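Chemist: Letter by letter, the chains look like this.
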Amino acid sequence: MKSMIRVGMVVLSVLALIGFMAPADVLAAEEIKIGVIYPLTGGAAAAGRELRAGAELAAEIANTAMADLPMTMARNEGVKSLGGAKITLIFKDHEGNPTLGADLAKKLIHDDKVDGILGCYHSSVTKTVSAVCEQYGVPMINGSSTSPDLTMRGFKWFWRTTPHDTLFTKDLFEFLKGLTEGKVRGVSAVPKKDIMTLASACEKTEWGSHVSDLIDRFAKEYGFNLKRSMLYAAKSADLSSEVRSLKAAKPDVMLFASYTSDAILMVKTLKSQKANPKVIWGQDAGFETPEFRETLGKDIVGFLTRSVFIPRVVEIKKISGQVNDMYKKKVGHDLSGASARSFTGLQAWVAILEKAGSTKPADIQAAANDIEIPGSELVVPWKGVKFSTSGDELGQNIWSSGIIGQYQLDKDGQIVMEIVYPFDVTSADMIYPLKGF
Amino acid sequence: MDIIVGSLVAGLLFGMVLALVALGLTIIFGVMDIVNFAHGEFLMVGMYTGLLTAQGLGIDPLLTLPVAGGVGFLLGVVCYFGFIKFLLRGPMVAQLLGTFGLMLFLRNLALLIFGSEDRALHHGVLVGESFDIGMGVIVSATKLAAAGLSVAAFVAVWLLMNRTRIGKALTATALSAQGARYMGIPTERMNALAWGIGGASVTIAGALIVNFWSVNPFIGLLFTMIAFAIVALGGFGSVPGAFLAGLVVGLITEIPGFWDFFVYTFDADWMSNVPMTSFKYMWVYLAYFIIMVVRPRGLFGWKH
Chain A
21 MKSMIRVGMV VLSVLALIGF MAPADVLAAE EIKIGVIYPL TGGAAAAGRE LRAGAELAAE
81 IANTAMADLP MTMARNEGVK SLGGAKITLI FKDHEGNPTL GADLAKKLIH DDKVDGILGC
141 YHSSVTKTVS AVCEQYGVPM INGSSTSPDL TMRGFKWFWR TTPHDTLFTK DLFEFLKGLT
201 EGKVRGVSAV PKKDIMTLAS ACEKTEWGSH VSDLIDRFAK EYGFNLKRSM LYAAKSADLS
261 SEVRSLKAAK PDVMLFASYT SDAILMVKTL KSQKANPKVI WGQDAGFETP EFRETLGKDI
321 VGFLTRSVFI PRVVEIKKIS GQVNDMYKKK VGHDLSGASA RSFTGLQAWV AILEKAGSTK
381 PADIQAAAND IEIPGSELVV PWKGVKFSTS GDELGQNIWS SGIIGQYQLD KDGQIVMEIV
441 YPFDVTSADM IYPLKGF
Chain B
4 MDIIVGSLVA GLLFGMVLAL VALGLTIIFG VMDIVNFAHG EFLMVGMYTG LLTAQGLGID
64 PLLTLPVAGG VGFLLGVVCY FGFIKFLLRG PMVAQLLGTF GLMLFLRNLA LLIFGSEDRA
124 LHHGVLVGES FDIGMGVIVS ATKLAAAGLS VAAFVAVWLL MNRTRIGKAL TATALSAQGA
184 RYMGIPTERM NALAWGIGGA SVTIAGALIV NFWSVNPFIG LLFTMIAFAI VALGGFGSVP
244 GAFLAGLVVG LITEIPGFWD FFVYTFDADW MSNVPMTSFK YMWVYLAYFI IMVVRPRGLF
304 GWKH
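Chains as they are written, first to last, in our numbering: chain A, 21 to 457; chain B, 4 to 307.
The shape of chain A in the complex, shown without the other chains:
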């Protein structure tokens, strides 16, 4: 009996000693709480579901050891440098409302005591939420908002993994230029006069307004005639007059920046008004959600959209295929641009925490500014993740890049997206011009 007591005393002493020696953070970090703010209801709810599923899958991989997945966060159960602490995601629904987003961020910081934030999809909401995080010194990673302004504010607690719209819009004009130079696979050089006239319609929040300005800027730079450029309310229930106005410009190319419900409504109205441009291009978001594809079916064949992820990527990247299979098993369809980006956003969070070995904001800040995730670990076809720490774009991932996809029918009659830009990684001939509605 005495020996048992003695052994017990020794064990307790050792545990107490470990307790004194170990940094307080390690013991405290049994779980790491990340507040995730996405639009789970409202017009962008379909995209919100994608974003949520992408982040959840990344958390699942981070919390479970998966030996066959060549990804640092899949090697251990939880964050190794934090004693195997598990990632817990606390989801909040901002409904596309910037004020609500800011309130939710405060709630997450004060009530839920989160270690950091991920979000928010709508650039307008990301703007208010990141301002709250900056005020409280809480790290925030943004995986899916593309307004260029977000990383031009000199914020010290904000990092963005996705490329932004300046790059995407420049890609579009490079693509149009390539179309006139015969660089597009399967299309002979198109005389510039045939695609000279452009018309754009962008939703008028933070994101769409900036895209509209960028289209205007690049149209001038590349020598195209932007004959009609309009902003519309994403919550519009009817877009007939907008479409009539676009059609009246008789554009060769129509450009859009829309969220899901307005993107669907826009295409339905284009169809009922028998719009007949040669090229239709969407700035991701609504033009890439599964709901857009499922609702409109064959009407979108030939449409272009910029993206960061297209299922064809799995054919050139093994890791994308592995994660895509897991996602498909869980959700029922392929990764989309939204889910691939939220996955990558959370992956960046895990890598930063692993490097920081602490949940202290200052340590996370230092780790984020120093992180380098190689492209070989990402599901998206980027060079990797490395944030800018100087210049005009603080916190922007300088290793990110975009692609342009086109909806086409495969041999089974299913709608798939093929890569048409960059020109060196195309996966199919481009359909040009659109055959019309």
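It cannot be assumed that every hint is accurate.
Said to hold, decoys possible - In silico SDA-like links for lysine to any residue, alpha-carbon gap of 20 Å or less: (1) A:K294 - B:M138; (2) A:K270 - B:T268; (3) A:K127 - A:Y156; (4) A:K375 - A:W419.
Derived by calculation from the structure, the hints in this document are not laboratory data. Predicted model, so just to flag it, every value in this text is computed and none were measured.
Got chain A; can you put chain B on it based on the hints?
Modeler: Structure of chain B alone, referenced to chain A:
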């Protein structure tokens, strides 16, 4: 020229549907001097009824009108006997606040049941179809059908009001409830009937609108404001006034199209930079404001 003609046609077609939306409001006001702030929410109920019947039962959205009309009639009658008749005993402000409360209740009930997501019909005989009527003008089949059926519903209500005994009893109640009671007209039932017809008109309009317009629990506010503008323009209580004013308001919503005509005709940069499409409902509210200031009883007001 196709822009002008296209906008004109679109404005008139939409105006016909809007006239039906406003009809219910003007009947209820005409019979018992109550402004129904929940009118747009009645329309929302019609839109959800059309949507659910079409999606749930697989019935073509255009054939769901009797169901929507029935739901609207029942809703109107239940609202009347449920609490409007009690509000009538109170001051005007109680009636205003009462229907305002009804608006909030219906909106939040819809939010609870359907969530805040926009929902739209994607299938139906006419959904997505359109006709080229010449001069480069394309008319959507759903809008054409909605306009035609709205006019039919409008005429049916007008005939009911003017060619039937029950309609004459309604008119008598509207002119003088006390006098009508002396003549043996059951004014209580007439009031309920007014709410029933008002509810049915607007829910039928809702079921027609959902063929080309997405629905969410907040959609009612826009249509309440438009209906107020139409009723003010047409005259409170005037059925023909509601129809004409509906057409006028429909055309006002097409001002951006008329503006485009000048933009492209004169190729004026400054004009193309004016975001007219963003202002399209502002002109409706401006017209409402001007009419209320200049001629408060409306252009065709017949009461008082």
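Chemist: Taking only the CA atoms, is the gap from A:K127 to A:Y156 under or equal to 20 Å?
Modeler: 12 Å, holds
Chemist: Given the hint that A:K375 pairs with A:W419, does the C-alpha gap stay at or below 20 Å?
Modeler: Given that 20 Å is the threshold and the Cα spacing comes to 19 Å, the pair holds.
Chemist: Can you confirm whether the C-alpha distance between A:K270 and B:T268 stays at or below 20 Å?
Modeler: 13 Å, holds
Chemist: For the pair supplied as a hint, A:K294 and B:M138, is the alpha-carbon distance within the 20 Å limit?
Modeler: 14 Å, holds
Figure legend: structure checked against the earlier numbered hints; every hint is met.
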